Structure formats: structure tokens, C-alpha cells
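**Q** These protein sequence lines map, in sequence, to chains H and Y.
When the letters of the first sequence are read in order and numbered with our numbering, they come out as residues 1 to 283.
When the letters of the second sequence are read in order and numbered with our numbering, they come out as residues 1001 to 1205.
Simulated from the structure, these hints should not be mistaken for lab results.
As the structure is a prediction and not an experimental result, all values here were calculated from the model.
The beta-carbon is built from N, C-alpha and C at its ideal position, and this holds for glycine as well.
One or more hints might be untrue.
To be verified - With a cut-off of at most 25 Å between alpha-carbon atoms, the simulated SDA-like pairs for lysine to any residue come out as follows:
| hint | chain 1 | residue 1 | chain 2 | residue 2 |
| --- | --- | --- | --- | --- |
| 1 | Y | 1146 | H | 205 |
| 2 | Y | 1146 | H | 133 |
| 3 | Y | 1146 | Y | 1082 |
| 4 | Y | 1146 | Y | 1136 |
| 5 | Y | 1146 | Y | 1179 |
| 6 | Y | 1146 | H | 138 |
| 7 | Y | 1146 | H | 90 |
Unchecked claim - Some chain Y residues judged to face chain H by a derived CB distance under 10 Å, without partners named:
| hint | residue |
| --- | --- |
| 8 | 1001 |
| 9 | 1005 |
| 10 | 1043 |
| 11 | 1048 |
| 12 | 1100 |
| 13 | 1133 |
| 14 | 1164 |
| 15 | 1167 |
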Amino acid sequence: MSAALTVLATGPLTTVQDGGRPGKAALGIGRSGAADRRAFALANRLLGNDPGAAVLEVTMGGLSLRAEHHVTVATTGARCSGTAPHNAPYAVEVGERVDLGAPAAGFRTYVAVRGGIAVTAVLGSRSTDTLADLGPSVVCSGDVLPVGDLVSTMPGVDVAPVREPESGEVLLRVLAGPRLDWFDQDAWSDLTSHPFVVSSQSNRIGLQLEGFTSSRVRSDELPSEGLVRGAVQIPPSGVAVLFLADHPVTGGYPVVGYVHDDDVDLCAQLRPGQALRFRPVRS
Amino acid sequence: MRLLPSGSTAVLVEVDDLDAVLALYAALQATPPAGVVDIVPAARTVLLITDPAITSLNDVARAVRSRSLDDRQQPDRELIELPVTYDGADLDDVGRQLGCDTGEVVRRHTEQQWTVAFCGFAPGFGYLVSDDGGWDVSRRSSPRTKVPAGAVALAGEFTGVYPRESPGGWQIIGRTQVSVFDLCRDPPALFRPGTRVRFAEAGRQ
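From just these sequences and the hints, can you work out the full model?
**A** The following block contains the structure:
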């Protein structure tokens, strides 16, 4: 009989995520997947999982699980308070619990189990796309999550000494976007010369950032065009959106900048109220 | 074509018109440059999403520039026929905009052949252009908070079918029972770029 985990509590938002649905944007299907790809990948590596194995993405902690069988788990990303190890594989015996408190820094914690979370895949992925409403439902208390068997050898690593999410102002590399010329000549320096604060309206679709003051110099409509995560888009409201995993496949508002893809995982760990600053780089 | 910066993993190609989009998309689909993991056509652009472990943006840019837009041959695509009941709330408004009666709107919609130019907005939502053209319909000044699944609608030069209930600002002229996006079907999306579509008045053969 295969293993399972019973969900006792979920915190503000817990979803199942994996590598998402790449390659389907021409059908209007976004990639979705883990918002912090690096932390997701590390969690699976620590357990000798298939790199595509699904995990739980836990927002602001609060997840509580009971193991119905002996399992091996690992958490990565934001370190939650509690006694469980972090960035390390550990065994959980039958009937034992994994209880995550709130993180002191960072926003998203990845909880992986050796074998992967084996809920039903949709369009080749177990990711919950919160924009398109595709994939498994949001995880709820009382859910019984089946554990799969997508494994190879354990790596023999006790702990991964990776850099953990920070709580102060975070610096992000930004490149010029395709429609920077839709704004006045101060736009680039406006974007890169002062911090922005992440608003509480932020979610898996994107971070909302107040404080962009540059004006549009074009009044016509921009035909919708493809975009990827990291895009910094300016809608008519002037509140910039920094797109994350569940971004729309195309957008009709100008994108003035792009966070370097290697820094977008940092964006997934920013909390409402936290500040970020864009550092200009060339591609 | 103009190549625009689109982050560290993608290149945005802007062209003059929708025909050029379709030609470029067909050329790229036929022989995708190495390391391109997704190609996203839209009204005036094609976005190429790359894997930085396999290729550089410079190499992809070079490969794109070498593609010719002269060959506007489209690969053979399936033809889908959709039965539509033309009783949409905006049918009268559309007639007024186009300067004809609602019967004429229906006649044009059903007689012309349509092609999916690109998708976006939601899984399975295709933007269809007519082979004969002649459509330029304004969106509704205030979008509806709920457009039902299966609604057949118009905006600009395009027609589309809403795959599921959602907000929407297009002009609704009818409804179809056919589910254009169904996860239980293989493939789930009826519309992909290049799919050819004909609409028929439901109840008539």
C-alpha cells in the first residue's frame, strides 16, 4: 500500500507545485509551477526525487501534516519556526507530525516528501495555476495526500548550507524591457533609483509595487504580447506588477523592465511590506 | 522585424501585421531554433522563450533574423465546425456598428472561414481572424463581470469563444454548446494557432 500524508492545517495558502506546464503558451496555458524554482529543485534533490516530483508550496508557514506511513521529508525556502530541520532530509515515523510555524524571513516554504506528492496531474503537471484555475485544488485541512514513488538514490547529504531568504531590502538585477520607450525619459532612472514596497495585494500572479511615477508618452493601446516571469508591467493605475509563476501568457500593458530570471526566485520570497530595489544591468 | 529585449530568457519579435506573425510563427514551428522551449504568437509579435542552459539570446536572435517571412504558406490544419445559436445580447449593437441588420451579421459570421491567429487570455481562448476581413468591432465600454462559457463574441478584427465563465469585454453575438476547452478530452484545446473554423447556425444544416 502506498504512503500518504494527512493535512491537519494549511496556513494562509498551501498549494501543490512542480515544474509547471512549459511549452503550452501558444494555447493560452501558462507555465505556473513553483514560484521559487531554486528552492523547489533543492527540496527534490535532497530527497533523491525525480526533479519533476510535486511538492507543497506553503505561504507564510502554518502547515501541519501527519505521516500515515514512514516517510522522508525536506523543507527548503523560507525557514519556519518549529523543531523540524530545514534544508535537510529527515525521517518522519508513522503517526508523527510535521508542524511548521511562521517564517521569520522569506515568504514561501517548500515541503517535499521522498516519492513526491502524487495527486492527479492536469495537462502533464501537478501545479495549481491560481490564475487559470488549472490543476489540483488548493490544499485544505483534512486532505489526504498520496505519496508516489518517483525516486532514485538518496544523495547522502545531511544539510544544504544555502543562502536563506532575507528580511531587509532585496536587490534585484533588472534589464530594460520591450516597452520602456512608452514612458518618458526618466522612466529607467525612476525604476532603478529608489526602493519599491511590496503591497499586500501581491500573490502568485505577481507582486504589486507602489511608487512608479514616470508618465506614458504614448496614448494608443498596446496589442497584447507574450511575456514571462520577471516582467515589470505598468497598467493604467501606475501600480507596477512584477510577474511571478502564475503570470498571464500575454499582456496588453507596457513592460518597462525585466528582473533577471536568476533573481526572480528571490522575488517569490518577498513579503508584503518588504522593500526591493532594482539594479540596472545589461543582458 | 524588430527584436526587443524581453528579459534574460526571451526574445520578443515585433512585425508589421498579423500576416507577418502567422508567417513567422509557421517558419519557427517548422524549424525551431535550438534551445527555444516555447513560441508565443500574438497580434503583432512572436515571443521566443529559451532555455539559457542550451542557447544564448544572441544565437536565438540570429536564428530568427535568418527566417524568411516571404513564404506565407500555412501548414494544413484541421477544420472545425461550430454550431452557434445567434441570440447574443450584443447582436443588435454589432449590427449598428457594422451598419447592417442582425441577419447580415449572422450571414457574414457563418459564411466566412476563420483561422486561429493566436491564443491568450485563458487556456483554450483563440483569437480568430476572418479570411475575408471586414470586421472592426469595438469592445463594450464596460466589460461584463460574467460571460458564460460557450459565448461567441467579437472584438476588433477577431471573433472568439469563451472557454469558461469569466469576466469579458467582447461583444456577445451567440453561444455554442461545444466546449472549446475540455480537460477530459485529448487534446483539451480545440483551438491552436492555425486551426480553421466555420460557424454554422444551430438547427440549420
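**Q** So, for every hint listed, does it hold in this structure?
**A** Results of checking the hints against the structure:
Taken as a hint, the residue 1146 of chain Y and residue 205 of chain H pair is honoured in the structure, with Cα atoms around 21 Å apart against an allowance of 25 Å. Distance hint between residue 1146 of chain Y and residue 133 of chain H is fulfilled; the C-alpha atoms sit about 16 Å from each other, no more than 25 Å. Simply put, residue 1146 of chain Y and residue 1082 of chain Y have alpha-carbon atoms about 22 Å apart, close enough for the 25 Å limit, and the pair holds. A hinted pair counts as satisfied when its Cα atoms are at most 25 Å apart, and residue 1146 of chain Y with residue 1136 of chain Y qualifies at roughly 23 Å.
With a C-alpha separation of about 17 Å, the suggested pair residue 1146 of chain Y and residue 1179 of chain Y falls inside the 25 Å cut-off, and the hint holds. With a C-alpha separation of about 23 Å, the suggested pairing of residue 1146 of chain Y with residue 138 of chain H holds against the 25 Å cut-off. Annotation: proposed proximity of residue 1146 of chain Y to residue 90 of chain H is violated, straight-line Cα distance about 48 Å (limit 25 Å). Checking residue 1001 of chain Y against chain H by beta carbon gives a least distance of about 13 Å; that is not within 10 Å, so the hint is violated.
The interface hint given for residue 1005 of chain Y is met, as the beta carbon of that residue sits about 5 Å from the closest beta carbon of chain H, less than 10 Å. With a least beta-carbon distance of about 4 Å to chain H, the hint placing residue 1043 of chain Y at the interface is held under the 10 Å criterion. The interface hint given for residue 1048 of chain Y holds, since its Cβ lies 9 Å from the closest Cβ of chain H, which is under the 10 Å cut-off. A distance limit of 10 Å between C-beta atoms decides the matter here; for residue 1100 of chain Y the minimum to chain H is near 26 Å, and the interface restraint is violated.
Taking 10 Å as the C-beta cut-off, the interface hint given for residue 1133 of chain Y is violated, the closest approach to chain H being about 17 Å. Interface hint status for residue 1164 of chain Y: upheld, as the beta-carbon distance to the closest one in chain H is roughly 8 Å, under 10 Å. Interface restraint check: residue 1167 of chain Y against chain H, minimum CB-CB distance 13 Å, threshold 10 Å, status violated.
When each numbered hint is compared with the structure, violations occur for hints 7, 8, 12, 13 and 15.
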